[in-house]
Amino acid sequence: MAKFEKANSVGEWLDQRLNLTTFNKVMMTEYWIPKDINFLWAMGVLLATTFGILVVSGIFLMMYYKPDVALAFDSVNYTIMQEVAFGWLFRHMHGVAASVVFLIIYIHMFTGIYYGSYKQGREMIWISGMLLFMTFSAAGFSGYMLPWGQMSYWAAMVITNLFGGVPVIGDALVVWIRGDFNVADATLTRFFMLHVFLLPIVIMGLIGLHFYTLRIPHVNNQSSEDIDFDAEAEKYLSGNKKESKVIPFWPVFISKDLAVLGIFLIFYFYLVFFHYNFAMDPVNFDPADPMVTPAHIYPEWYFLWSYEVLRGFFFDIAGVSAFDIGLIAFAFANGIFLVLPWLDRDPKILPAHKRPIFFIWFWILMIDLIVLTVYGKLPPTGTNAWVGFYSAVAFILLFVILPIVTKIDAKRRGSL
Amino acid sequence: MRELKILAVVVALTLITYWGVEPFAHSQMHPHVAPADFKFNDVQEDIKDIKALKGDAANGEVLVTANCTACHSIEAKGFPQLMDNASAGAAYGVTPPDLGTSGKLYNEDYLAAFIKNPAKASKVEHKFVDGRAHPMPNYDWMQPQEIADMVAFLKSIAPKEMTNKEVYTNACQRCHSIKYGDMKGGSMAAFTSDADIKKYMGKLPPDLSQYIRSRGESYLTTFINNPQKHLEGTAMPRVGLNEEAQAQVVAYLQEVGDSKKAQREELGPKFLIYFVIFAIFAFLWKASKWRDVH
Chain A
24 MAKFEKANSV
34 GEWLDQRLNL
44 TTFNKVMMTE
54 YWIPKDINFL
64 WAMGVLLATT
74 FGILVVSGIF
84 LMMYYKPDVA
94 LAFDSVNYTI
104 MQEVAFGWLF
114 RHMHGVAASV
124 VFLIIYIHMF
134 TGIYYGSYKQ
144 GREMIWISGM
154 LLFMTFSAAG
164 FSGYMLPWGQ
174 MSYWAAMVIT
184 NLFGGVPVIG
194 DALVVWIRGD
204 FNVADATLTR
214 FFMLHVFLLP
224 IVIMGLIGLH
234 FYTLRIPHVN
244 NQSSEDIDFD
254 AEAEKYLSGN
264 KKESKVIPFW
274 PVFISKDLAV
284 LGIFLIFYFY
294 LVFFHYNFAM
304 DPVNFDPADP
314 MVTPAHIYPE
324 WYFLWSYEVL
334 RGFFFDIAGV
344 SAFDIGLIAF
354 AFANGIFLVL
364 PWLDRDPKIL
374 PAHKRPIFFI
384 WFWILMIDLI
394 VLTVYGKLPP
404 TGTNAWVGFY
414 SAVAFILLFV
424 ILPIVTKIDA
434 KRRGSL
Chain B
1056 MRELKILAVV
1066 VALTLITYWG
1076 VEPFAHSQMH
1086 PHVAPADFKF
1096 NDVQEDIKDI
1106 KALKGDAANG
1116 EVLVTANCTA
1126 CHSIEAKGFP
1136 QLMDNASAGA
1146 AYGVTPPDLG
1156 TSGKLYNEDY
1166 LAAFIKNPAK
1176 ASKVEHKFVD
1186 GRAHPMPNYD
1196 WMQPQEIADM
1206 VAFLKSIAPK
1216 EMTNKEVYTN
1226 ACQRCHSIKY
1236 GDMKGGSMAA
1246 FTSDADIKKY
1256 MGKLPPDLSQ
1266 YIRSRGESYL
1276 TTFINNPQKH
1286 LEGTAMPRVG
1296 LNEEAQAQVV
1306 AYLQEVGDSK
1316 KAQREELGPK
1326 FLIYFVIFAI
1336 FAFLWKASKW
1346 RDVH
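Chains A and B are the protein sequences, given in the same order. Just so we're aligned: 53 in this note's numbering is position 30 of the first sequence, and the numbers increase by one with no gaps anywhere. Just so we're aligned: 1337 in this note's numbering is position 282 of the second sequence, and the numbers increase by one with no gaps anywhere.
Any given hint could be a false lead.
In the DSS-like style, the derived pairs of lysine-lysine whose C-alpha atoms are separated by at most 27 Å in a straight line are [unchecked claim]:
id, chain 1, residue 1, chain 2, residue 2
1, B, Lys-1106, B, Lys-1094
2, A, Lys-264, B, Lys-1159
3, B, Lys-1159, B, Lys-1171
4, A, Lys-371, B, Lys-1344
Honestly, the hints are just simulated from the structure, not real lab data.
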């Protein structure tokens, strides 16, 4: 056992037992971040804050919410919104944060793609991030069910039905997921458990993993320069702060994050108070009614792009049914980002503007995703259906040609 | 400078996506309809002769008493409801309204047209075919002067002021419940029983507690004025509210469905001021920390 001496202060007492000084250095004051970063690198802290808001507001909502098909709608729209003091504030904060968190995740994700932060050595950062995205998606979907409105019910119906397309076990799988032959009370109760317990725990674990994956390869930077962190840290600690290419997480990096966070929170609370409707589909203010199908069924905006890939394939091709093709494309869309580090064949880490063809590839991907998102909401009829088809095909092709694109860039640069 | 450019790109992409998903998609899915007007042009031809005359309220009272009080109550004039709501609903399909407030709630032209031909005025003629008849018979056999007199009487007995809730109760509650209107206490349930109103309308008319949020103010304004505009063939009648009464109905739906609006609007600016100050201090702190490293 370590040697313990009489401590002169609480801090010293704790330090002897928990080694707080070293812990602080490793986690904060000597956790090195490149200096050459822009505000896009603050998205991690914004996400952590938004997740914190979701957890805290969610706890307050859970105190009054009733996971029962007969009570759920009223417990949200009446009890929480009208009877509980500031229940409306917690609900709007939760609802808006649930939507905004995806906006920030997408910005975070595409920042990573643009600067090549998923490449050699940083694969685990990327993979843990994608796992976080998937878990967030599951949390978003299960949470959307809870008010038991029309769109909650029908979105659950459509999404759980998709699992029926899995070969052999499809039908049994659907029943197993729903806990019933139909979307009903059992479904609501289990989605409640997933949303308030299992998925948040998994998210917290993955956030821990995601932070940890940064430790060894370190954070990427704007020019994707390969920095010798030990040497640069040495410079910083010896007082050569201006020359050093790194800064400590606390207080230098975090001071910039907080400034960005300030702007973000103005935007966020503007939405909470004056534009909360954007995050809440009006259709969901009609109580769930299994007898009446809404005129249009669509998911929340952040799922629209993959939903459009799913339904973009609306006609049978070569004897394969449209439903099966759509399902395969949907699985492809949701899995392909995970293997991005291996699709990019360029041996060097460079930002997109230094890889000419990849740069074009990146912006086509962005445009395609926006088109998919918008057409994912529109009714899939006439021209809309064809726009959806072509942009879904384009999405798949983009990933098919990515290895070639990145190789050509590398060759032209002479590094292959 | 570079960061501002990046910010501009992020903001632009966000706004384009937002525009596509919200205003653009909305305009594609919900075709624009003409704004609410309270002119009732489609029945003006039928009541031209009535409108040319001046009604006599005293004579109207005699006519209303003789023709209307067999079914309708006029509590203000000492004609009580003859049956309870359940029996009236079973007898007529829907409970008949008390006529004491009609002169206040309904457009004058509409009242005349409605007395003459209820199904036509309320735009539900499509429901009453194949021998089915509107529970209120047509009074098109009356002289134009007589209808003008009855309208004049209904107007003369109407109250000057009504609360939003009273307007709602008189105009909508015979068919629609709005359970959040009385803390779910039951007094805001529809007057007609679920079974009767379902039989009469073809389906149960929705509870309106959250309609201000599920439909929104502008949809409600055009919908109440003329339900056929948004839902062609709907069983919901054009009720014929005048502009003021309709505004009161929408205001009541707002009070019930969005009761914390005032609190929200009061608290919002305070939050924003707090975070503006927070952001200013955060930027000052950032500047002081980064001075050493640049």
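Do the hints match the structure? See the list:
Annotation: proposed proximity of B:Lys-1106 to B:Lys-1094 holds, straight-line Cα distance about 13 Å (limit 27 Å). For the hint pairing A:Lys-264 with B:Lys-1159, the CA-to-CA distance comes to about 79 Å; that exceeds 27 Å, so the pair is violated. Our distance criterion of 27 Å between C-alpha atoms is met by B:Lys-1159 and B:Lys-1171, whose separation comes to about 19 Å. Restraint check: the Cα-Cα separation between A:Lys-371 and B:Lys-1344 comes to about 33 Å, which exceeds 27 Å; the hinted pair is violated.
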